[in-house]
Amino acid sequence: MRIRIILDKILTLISTMFALLGIFILFWILKDVIVNGLKSINLEFFLEDPRPPGIEGGGLRNAIFGSLIITIIAVIIAFPIGILSATYINEYSRSSKLSNFVRFIYDVMLSSPSIVIGAYVYALFVKPFKTFSAISGSLALSIIMIPIILKTLDELFKLVPNFTKEAAYALGAQKWRVTVYIIWPYVRTGILTSILLSFARIVGETAPLLFTSFNNMFFELNLFKPMATLTVNIFNFAMSPYENWHKLAWSASFLIVVFVLVVNLLSRFLVKEP
Amino acid sequence: MIFISIFFVLYNEAKLSINKFSFNFLFKETWDPVKEEFGGFVPIIGTILTSILSIIFAFPISLGIAIFISEICPKFLKNFFRTAIELLAGIPSIIYGIWGLFVFVPIMKNKVEPFLIKHLGFIGIFNGEPFGIGLLTASIILSFMIIPFISSTIVELFSLVPIVFKESAYALGSTRFEVIRYVLIPYVKVGIFGSIILGLARAIGETMAVTFVIGNTYKIPKNIYEPTITIASSLANEFTEATTEIYLSSLFYLAFVLFLISFIVFLISRILLLRFVK
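Each protein sequence line maps, in turn, to chains A and B.
Each residue of the first sequence is one higher than the one before, counting from 358 in my numbering.
Each residue of the second sequence is one higher than the one before, counting from -9 in my numbering.
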């Protein structure tokens, strides 16, 4: 009789401990990133390009801009494809078998390693043109992003009540009108959150950018040239032996973590709103 | 379509190396860019070892967290814990990498590994030098990253168990332990395996965090502290340095292998979880 109670207590204790461990790891990482990142984040960080090793100061203006540009272009490529294929598999496709097959393929892509996608884009867009380019980085990111958007939107579209659609059809609306005026507006906030979340997700991606957009020590706006990004810079600077580059790497990490957390919490807030 | 083209493009790029080294590539230990001799055995073994070790660390913890969130935690704290676990999943892998390198590696090197060597050193694989960077550290960092995925999958599985089952068990006077052990877990057993495999798929493809802390050495580790290399980290490190065609092609061969492994692992997890998908 007693042993049952003791087992129960032990289980409760262990799982509580593990849950606290999870929280502990989260706050441990956040603490280190914030403490180390804040040390060298200042106006200079946003306004200057990195300096050569050994010279104090410098910033990551090039990388901040690079990350923003590459990610935004990736969103611009990925979003229409994502929303159209989600619409297709929910509304247009005639056989649910085909839809499920498409869903399956997207799930596979969701779980395939991002570095492999980098290698793929390298073979297609970097090797033939013989130069790393920002645009190929955006492409790699968009390939990662499409399945994420599709998956969220797919769930959302299923939530649209059938009678709303049927009411529109009964009024004689064509299919595209129902899609554009009924279905899309119905899930408006959902679409916004899915963009935000996938944006946050790919802003932190590094692996597919290593050999597509590569890196650049200078400020660059040409999409067909290599462009610096925050994440690749974190990788290069942290692996380098120079103290001042380590500092820049921490500041860049700080920036990314803050961004990701804010977007995550914001989208959570948006979901609760409607 | 993109998916199929990934398959063919990778295969096409790897052809040169596949023709030259054939299947022996998978079992050859040498990786020598100077002599142009390439074999993928070490990174493949490294990938398998790190992922399996990380699952061994992550699974019990994830199960504990899942049990806590779905059964033990008071309602008003539930959301807090859920959000925290999801945020843990949201942190980009590069952050785990830099944190692992600058914060976690010194702790492993100066405290944890010497401690393990001292107290468990009599077992072969626990004996060695504390490197800091290496197999053990990489697996632990990896396990931090996959804990959120496994635990949230298990929480969802638990929520599928009909409440009647639980209530009847409680009504018979079972303790919480007995309900979890004899009602919840048996009901979703297959799904739990699926969630483990899903975590495995994540661990196999993870690049950045591992690259920082694995050490990137082409050597089969003799104990759990030694540095080694994984497929993903060798790609990340050497892709832009590959000077000869056969070198690059061998890297594509590795990418191809990685793609196949993760695809197969994904299929297994899918089959196991299929029963629980509506």
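Think of the hints as simulated: they come from the structure by calculation, not from any bench.
Check each hint, because a few of them may be wrong.
[Stated by the list, open to error] Restricting the straight-line Cα-Cα distance to at most 20 Å, the calculated cross-link-like pairs of lysine to aspartate or glutamate (EDC-like) are: (1) K179(B) to E146(B); (2) K484(A) to E61(B); (3) K487(A) to E61(B); (4) K65(B) to E76(B); (5) K209(B) to E61(B); (6) K604(A) to D365(A); (7) K388(A) to E76(B); (8) K484(A) to E235(B); (9) K508(A) to E146(B); (10) K101(B) to D389(A); (11) K366(A) to E228(B); (12) K156(B) to D365(A); (13) K156(B) to E26(B); (14) K179(B) to E168(B); (15) K487(A) to D22(B).
So, going through the hints one by one against the coordinates:
About 13 Å separates the Cα atoms of K179(B) and E146(B), which keeps this hinted pair within 20 Å; it holds. Restraint check: the Cα-Cα separation between K484(A) and E61(B) comes to about 54 Å, which exceeds 20 Å; the hinted pair is violated. Straight-line distance between C-alpha atoms of K487(A) and E61(B) comes to about 57 Å, which puts the hinted pair past the 20 Å bound. Of the supplied pair hints, the one linking K65(B) and E76(B) holds, its CA atoms being roughly 17 Å apart against a limit of 20 Å.
Among the hinted pairs, K209(B) with E61(B) is inconsistent with the structure: their alpha-carbon atoms are about 45 Å apart, more than 20 Å. Distance restraint check for K604(A) and D365(A): the Cα-Cα separation of roughly 48 Å exceeds the 20 Å cut-off, and the hinted pair is therefore not satisfied. At most 20 Å may separate the alpha-carbon atoms for a hinted pair to count; K388(A) and E76(B) meet this at roughly 17 Å. The straight-line distance between the Cα atoms of K484(A) and E235(B) is roughly 11 Å, inside the 20 Å bound, and the hint therefore holds.
At roughly 17 Å between alpha-carbon atoms, K508(A) and E146(B) fall within 20 Å of each other, so this suggested pair holds. For the suggested pair K101(B) and D389(A), the alpha carbons sit about 19 Å apart, so the restraint of at most 20 Å is met. Proposed proximity of K366(A) and E228(B) is contradicted: the alpha carbons are some 51 Å apart, above 20 Å. Between K156(B) and D365(A) the CA atoms are separated by roughly 15 Å; this keeps the pair inside 20 Å, and the hint holds.
Between K156(B) and E26(B) the CA atoms are separated by roughly 62 Å; this puts the pair beyond 20 Å, and the hint is violated. The straight-line distance between the Cα atoms of K179(B) and E168(B) is roughly 15 Å, inside the 20 Å bound, and the hint therefore holds. At roughly 25 Å between alpha-carbon atoms, K487(A) and D22(B) are farther apart than 20 Å, so this suggested pair is violated.
Hints 2, 3, 5, 6, 11, 13, 15, counting from the list given before, are not met by this structure.
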